[in-house]
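S.K.: What follows is each chain in one-letter form.
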Amino acid sequence: MIDWAVLGDSLSLIMTWQVLAACFAGVVWGMFVGVTPGLTGIMAVVIALPMTFFMEAETSIALLLGIYVTAIYGGSVTAIMIATPGTPNAAATLLDGYPLAQKGKTRQALEMALYASLTAGILSTVIAMTVFPVVASIALDFGAPEVFAVIVFSITIIAGVSGDSILKGLIAACFGFLIAMIGQDPIHGSSRFTFGIPDFQAGMHILTILVGLFTIPEVIARAVEAFKSKEKITVGEMGPALTFKQYLSYWPTYARSTLGGSLLGALPGLGGSPAAFLGYFLAKRFSKTPREFGKGTLEGVAGAEAGNNAVCGPALVPMMSLGIPGDTTTAVLMGALVIHGLSPGPLLFDNEPVFVYGVFLLLFVSLIFLGIVGTGVIRVAKWVVRIPTSIMFPVVLILATYGTYAVRSTMVDVIAMVGVGILGYLMRTQKIPAAPFAIAFILGPLLENELRKSLIISSGSLDIFFQSGISITFLILALVSAVLTVYLHWRLEGSDAARMIRD
Amino acid sequence: MKITRTLKYLGLSAAAAAALSISAPANAGYPEKPITMVVPSGAGGSTDTAARILAINIQEHIGQPVVVVNKKGASGSVGISYSLKQAPDGYMLMTGMIGGHVLYPATNLSAGYGPEDYSPIAMTQMNPNVLVVTGDAPYNSVKDLVDAIKANPGKLKFSHVGAGSIHYFGAHLMMEEAGLDKTAAIGIPYKGGKNAMAALLRGEADFHQTNLVSAIEFIKSGKVKALAVTTAERLKEFPDIPTYTEAGYPNVDIFGWRGVIGPKDLPKEIVDQWAKAVKETMERKGWIKMVTAVGDMPRYMGPEEFSKHIAKEYARYRKMAEKLDILVK
Amino acid sequence: MSRDVSSANSTNSHVDIDTPTARGDVVAAALCLGCGLAGYFLVIPDAVYVPKSFIGTANSPAFLPKVICIMLSALSATYLVKSIAQFRGAGDEPRSRMVDWCLAGAMAAICAGYVAGILVFGLTFASAVCVAGTLYFFGERRLAVIATIAVILPSFLWYFFAKIAIILLPTPVLNILGPFSALDGFGDAARVLVAQSLPMAAGWAA
Chain A
1 MIDWAVLGDS
11 LSLIMTWQVL
21 AACFAGVVWG
31 MFVGVTPGLT
41 GIMAVVIALP
51 MTFFMEAETS
61 IALLLGIYVT
71 AIYGGSVTAI
81 MIATPGTPNA
91 AATLLDGYPL
101 AQKGKTRQAL
111 EMALYASLTA
121 GILSTVIAMT
131 VFPVVASIAL
141 DFGAPEVFAV
151 IVFSITIIAG
161 VSGDSILKGL
171 IAACFGFLIA
181 MIGQDPIHGS
191 SRFTFGIPDF
201 QAGMHILTIL
211 VGLFTIPEVI
221 ARAVEAFKSK
231 EKITVGEMGP
241 ALTFKQYLSY
251 WPTYARSTLG
261 GSLLGALPGL
271 GGSPAAFLGY
281 FLAKRFSKTP
291 REFGKGTLEG
301 VAGAEAGNNA
311 VCGPALVPMM
321 SLGIPGDTTT
331 AVLMGALVIH
341 GLSPGPLLFD
351 NEPVFVYGVF
361 LLLFVSLIFL
371 GIVGTGVIRV
381 AKWVVRIPTS
391 IMFPVVLILA
401 TYGTYAVRST
411 MVDVIAMVGV
421 GILGYLMRTQ
431 KIPAAPFAIA
441 FILGPLLENE
451 LRKSLIISSG
461 SLDIFFQSGI
471 SITFLILALV
481 SAVLTVYLHW
491 RLEGSDAARM
501 IRD
Chain B
1001 MKITRTLKYL
1011 GLSAAAAAAL
1021 SISAPANAGY
1031 PEKPITMVVP
1041 SGAGGSTDTA
1051 ARILAINIQE
1061 HIGQPVVVVN
1071 KKGASGSVGI
1081 SYSLKQAPDG
1091 YMLMTGMIGG
1101 HVLYPATNLS
1111 AGYGPEDYSP
1121 IAMTQMNPNV
1131 LVVTGDAPYN
1141 SVKDLVDAIK
1151 ANPGKLKFSH
1161 VGAGSIHYFG
1171 AHLMMEEAGL
1181 DKTAAIGIPY
1191 KGGKNAMAAL
1201 LRGEADFHQT
1211 NLVSAIEFIK
1221 SGKVKALAVT
1231 TAERLKEFPD
1241 IPTYTEAGYP
1251 NVDIFGWRGV
1261 IGPKDLPKEI
1271 VDQWAKAVKE
1281 TMERKGWIKM
1291 VTAVGDMPRY
1301 MGPEEFSKHI
1311 AKEYARYRKM
1321 AEKLDILVK
Chain C
2001 MSRDVSSANS
2011 TNSHVDIDTP
2021 TARGDVVAAA
2031 LCLGCGLAGY
2041 FLVIPDAVYV
2051 PKSFIGTANS
2061 PAFLPKVICI
2071 MLSALSATYL
2081 VKSIAQFRGA
2091 GDEPRSRMVD
2101 WCLAGAMAAI
2111 CAGYVAGILV
2121 FGLTFASAVC
2131 VAGTLYFFGE
2141 RRLAVIATIA
2151 VILPSFLWYF
2161 FAKIAIILLP
2171 TPVLNILGPF
2181 SALDGFGDAA
2191 RVLVAQSLPM
2201 AAGWAA
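Here the protein sequences line up with chains A, B and C, keeping their order.
Numbered by our numbering, the letters in the first sequence go through residues 1 to 503 in order.
Numbered by our numbering, the letters in the second sequence go through residues 1001 to 1329 in order.
Numbered by our numbering, the letters in the third sequence go through residues 2001 to 2206 in order.
One chain only, chain A, in its complex shape:
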């Protein structure tokens, strides 16, 4: 399905030193911003944006693609090392990456994240390139009821990341869903839970919630620990390197995450974080050791990172064929296309095939550069792990605050971050898991939106969800997944019913 002659032209289009240099610069810049807590990928793009106006189309796209690919990975470095997800995509990586680092396996976790990202990134780009028309049609095949069914399926992830008590997980999810409802109602535009605060109209930002749920409780817990202990605690060791055998042993995980992530990526406007959680969930569901998840397993890191990077290739397809960006970075990428007269739309692929293939080739180039730069970053990380806890966490608190503020430059976000942080710490003392909260926060609004849209389309009739094969399939999958999760949980924990609450 690939036109090789066109591909050759695309190759010669991008193989100029300007394009390659811009791509490399994008990767380095994206990595710097990505691994510095407090600086988010969005900022990397905003700073680079004005320059792209004046570059040739392919050069500016190369720069932005470099940032795009790296920003997805970069957030996971801070998630693993200091429990601060740099991007929403990294929240799922944190669940096992941070415990791994605590166990002294920082290096393995970082390398797993990098190689899983590269593998899934390359596989998903191959998918997007070879079956471009199929991927493009997914966006049009999935209407509101179909997307609703996919999200219902994804919601069952909550039970899978609830730790030892599904009940506590579901309670946390309810809170996440309610917090996500702050702001404008998606259908009527009326205000909900805003209490007259103008900034609440815009709703809570996902990074505010993630820093509040994961970083602030960690800082408080470390403060208690550090205050009581007499000697200085260091974060830990880099630990051994990831072996090639270990990398290979997770290939089914990469494959599953790539398929799941590619599907979610092809759906317009979902972004990478649902895919990361889906990848994590799939890894756990098919794992031989599901109980290790959440306590530090490479399989979890592999699933999550492969999942969110599998989005990057397919997400470009609805961006180019319909003009619907998946997240802020893709939105800027699209802006750069437009300003160079390459308007996204159904004709872009027919009129500019050389350019479209060029974009995918640049994605490969970016991934290769990411591999090189990422390996270098892991080398540098060994100095970071030697910083004592007593210095690390106070600095993390400041950086997290700047990062939260800078996303939308509003103090309301910082206040909310501290509020959610204290809530998160209280949840932690009672082992009420934070992950379901985060997932419900991400998926809840999508679920509500698609549900209510479907009901408007069907004039209130529920039949609409059972009219297409796609939505029926996903609803059945959701049911199977939910039943299976509860059953497996019951079988694992049922022998000791008391554990349900105790742990």
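Bear in mind the hints are in silico, worked out from the structure with no lab data behind them.
Hints may contain errors.
[Stated by the list, open to error] Result set (DSBU-like, lysine-lysine): computed pairs, CA atoms no more than 30 angstroms apart in a straight line:
#, chain 1, residue 1, chain 2, residue 2
1, C, K2066, B, K1182
2, A, K431, C, K2082
3, B, K1285, B, K1268
4, B, K1157, C, K2082
5, A, K228, A, K382
6, C, K2066, B, K1033
7, B, K1236, B, K1285
8, B, K1323, C, K2066
9, B, K1264, C, K2163
10, B, K1191, C, K2066
11, B, K1276, B, K1312
[Claimed, not checked] Cβ pair distances, simulated, as ranges:
#, chain 1, residue 1, chain 2, residue 2, range
12, C, V2050, B, D1144, 35 to 41 angstroms
13, C, V2050, B, G1248, 55 to 61 angstroms
14, C, V2050, B, G1203, 29 to 35 angstroms
Backbone N, C-alpha and C fix where the C-beta goes; we use that ideal spot for every residue, glycine too.
Given chain A's structure and the hints, the job is docking chains B and C onto it.
M.R.: Relative to the frame of chain A, chains B and C by itself:
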């Protein structure tokens, strides 16, 4: 090639600098330092791009660099409320847009600001709206569509990007002008214009009124048909698209715009100095080239005309919001 | 987490703050139930605006919030019943130390104080004070280390956010650090130079 261009540019900028120094500004001293331009939407969006294009080009005409900062949220109201609280000294202005400056306060009683709280300086560009249906739809004119809605009240659907958006008002204005009830066709809200367009292609919606730039590629590819455009005369680029005036609904003249707006009580000298600088900037080839590239049409309105336009629009949408019961408390 | 429980038991009737106790579960469940019920009966009628002309159920802005509050109440009630049963069965249970709670409370207070400090004194100054205080709390006693971090970190962040990323910093009530508290527009020479020279290079401006 590049070198000659650069030389040409240097020559021009030297000439511009000379011109600037001759015609000393009315209020001596302003601007003494760089000016901040608040964009009430996210980086990379069309409003942001418009602001950055203006900021880059206007430097020579205003005499100081213009720094663009983004403050997004709640249809632009977060950034606008913030800017309106700043001192009216001319060092913090904002990019005006129909959504945040007119539609949001017109539909939200709790917005905290209205047109009387800011000083419109100049409109820079506009974007007409078009009424579109799918390429294989049985409607070939506005009349066909109106007849179909009349024949099947409450059956046809249109996609928009949320109650109170220009897409929403556009479709309702058309229905109102055609003498149809507000429930004659049902609106479905989507996140963003392109998702609303995708809904049309998917068959979830029967018609959609949107800004021209979102529809261009789809019209060209034949996936959608444009039934009417909101400009008074036909567009040069699309002579085949009839206007609403031709269809008999001249009042459906809704269009999106962007411009420069300052806080309340901005001194008249500063307003005039900016309006002049904007006018000069709009003659630059670089500005025109970039603005047309993003799909807008240059359209200048001075402070008085712009203020009148905003007041008129605000009154119209407030009235419609009341009628459609989408006014938020 | 059974390790924690056993070790706590051996140290006689005290557990780590992170170890859930049946008593804690009862309190948490009661709080969650309270949130669910208060949300349904008090908050939603007041804080969710439903347009007057609205007809229908599932599509009301208040529908899903209500559903979630009912779910939350039901789940919390189950949790409460289970945890009370657990609590009765547990007998004399180890408690977490009061001092741990005080320390956690103190750290939370530092975070809250930091936010208040930002609002009053601006981001740069508040961060310098907060990082110094937090370092001390974490057991860092070398004055030179504290001072160095307290000066360098906020300065770097100020430069990056105000000058490179061009982000509007919060406007403080008391502006003691002057321009270092907020974006003031000066010193953007490098960026402006880049912005002006690039159009030349690309030939856009001519």
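S.K.: In ascending order, which of the hints set out earlier in this document are inconsistent with the structure?
M.R.: 4, 6, 13
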